[in-house]
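Sequence order for the protein chains is U and P. For reference, each letter of the first sequence is one residue, going 1 to 200 in my numbering. For reference, each letter of the second sequence is one residue, going 1 to 159 in my numbering.
Hints in this document: simulated from the structure, not taken from any laboratory. These numbers come from a predicted model, not from an experiment. The C-beta atom is built at its ideal place from N, Cα and C for all residues, glycine as well. One should not assume that every hint holds.
Said to hold, decoys possible - Covered stretches of chain U, as calculated for chain P (at least 3 residues, CB under 8 Å):
(1) 4 to 15
(2) 38 to 46
(3) 50 to 60
(4) 73 to 86
(5) 166 to 173
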Amino acid sequence: MQDATSRQQDDELIARTQAGDPAAFDELIVKYSPRLYGLVYHMTSNHEDANDLMQDIWSKAFRSITGFRGKSSFYTWMHSIGVNMTINFLKKRGRRFHLSLDDVDSNIQNDKEFIELTAASSPVRETDLNELQVRLNESMQKLSHDHRAVVTMFDIQGMPHAEIAKILGTSEGTVRSRLFYAHRQLQNFLTEFHDTPRHD
Amino acid sequence: MTDEQLTALLRLKRYEEPPPGYFDGLLKNVQSRQRAELLRRPLWKIAIERVQTFFGEHSMSSLSYAGAMAGFLVIGLVGIGLMSPGDLERKNNASMTLASAVPAAAGKILSLQPNRLPASPFAPTQPLGNTWPVSAPGGHAPRYVIDARPASYELSRSY
Numbered sequence: 001m002q003d004a005t006s007r008q009q010d011d012e013l014i015a016r017t018q019a020g021d022p023a024a025f026d027e028l029i030v031k032y033s034p035r036l037y038g039l040v041y042h043m044t045s046n047h048e049d050a051n052d053l054m055q056d057i058w059s060k061a062f063r064s065i066t067g068f069r070g071k072s073s074f075y076t077w078m079h080s081i082g083v084n085m086t087i088n089f090l091k092k093r094g095r096r097f098h099l100s101l102d103d104v105d106s107n108i109q110n111d112k113e114f115i116e117l118t119a120a121s122s123p124v125r126e127t128d129l130n131e132l133q134v135r136l137n138e139s140m141q142k143l144s145h146d147h148r149a150v151v152t153m154f155d156i157q158g159m160p161h162a163e164i165a166k167i168l169g170t171s172e173g174t175v176r177s178r179l180f181y182a183h184r185q186l187q188n189f190l191t192e193f194h195d196t197p198r199h200d
Numbered sequence: 001m002t003d004e005q006l007t008a009l010l011r012l013k014r015y016e017e018p019p020p021g022y023f024d025g026l027l028k029n030v031q032s033r034q035r036a037e038l039l040r041r042p043l044w045k046i047a048i049e050r051v052q053t054f055f056g057e058h059s060m061s062s063l064s065y066a067g068a069m070a071g072f073l074v075i076g077l078v079g080i081g082l083m084s085p086g087d088l089e090r091k092n093n094a095s096m097t098l099a100s101a102v103p104a105a106a107g108k109i110l111s112l113q114p115n116r117l118p119a120s121p122f123a124p125t126q127p128l129g130n131t132w133p134v135s136a137p138g139g140h141a142p143r144y145v146i147d148a149r150p151a152s153y154e155l156s157r158s159y
């Protein structure tokens, strides 16, 4: 997931942060925020919640970084904090939430998978992009928190099973099993969507 | 929907992005929050951190560090013990007794009679409560003795 140079850079930035250099921590924020935001946003499906959580997560990381000993990569450590805090937040939030979606990058139009999915023979050809995004996020919110975390990290962020297992503190077998059940559930939700027209 | 189609759909979610400039704003928000948290921290936490930083800079072994921390703890406990209210009360009582004894002793020394001088001027000769003698009995002027030597033969009120 991370090359040796990147890891070495992280180690230096962490050492500087631990020695009291806040600028080094800023560099870590700049480097890892986009991926961390992706994790939190896809788990909450709400931009405002993701924004609040991002601040909480980085503040927590700053308070805890003196205890970071480098047993795992900083990336894994940050994702562990992010997943745990997001799951705690989702448990408190319960079912009170509304979708607040981010914009879709226009580069999606050039994506090979997007072209294939919206081709004439595709089941999603009738669905416009925004509706598809809403429907997919609604389906994601129907998954349990643990299943959603696994789908986000594996399918959306492209992380390997081993890395996800480390972040969640479980075995790779558990990760694969959660993925399997999450996919089955999502397929059912999305099949219903194609069979039933929306009226809202 | 097949598993491949689902996977492809999920992968497209990577294109969902926060508003432009969001990450710059996030950095500023996190920085201001860190500053606010630093200002809100209690003094004892800051003190502990400074001690840790001090020992960290001097690269002490963990055993020395533990010893030093134990030393600080003992000093702290002794300090707290000395400053406890019971001790303070006892100290106050002791100082009050001393304060009342000093003028009495001074008065006692000053009231020494010329014909009843003790071998040492600080040895107690009379009970407490004597007053300043205006004139010695028999019309003699009072004599004050320092180091068993007559200090003055002048009249006490001749300025």
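Each hint, compared with the structure:
Requiring three or more residues with a Cβ within less than 8 Å of a Cβ of chain P, the coverage given for the stretch 4 to 15 of chain U is violated, as only 0 such residues are present. Here the stretch 38 to 46 of chain U counts 3 residues with a CB under 8 Å from a CB of chain P, which clears the bar of 3, and the coverage holds. Residues of the stretch 50 to 60 of chain U lying with their CB closer than 8 Å to a CB of chain P number 6, which satisfies the three-residue condition for coverage. Residues of the stretch 73 to 86 of chain U with a Cβ under 8 Å from some Cβ of chain P number 0, which does not satisfy the need for three, so the listed coverage is violated.
Counting residues of the stretch 166 to 173 of chain U whose beta carbon lies closer than 8 Å to any beta carbon of chain P gives 0, which falls below the threshold of three, so the coverage claim is violated.
Of the numbered hints stated above, those contradicted by the structure are hints 1, 4 and 5, listed in ascending order.
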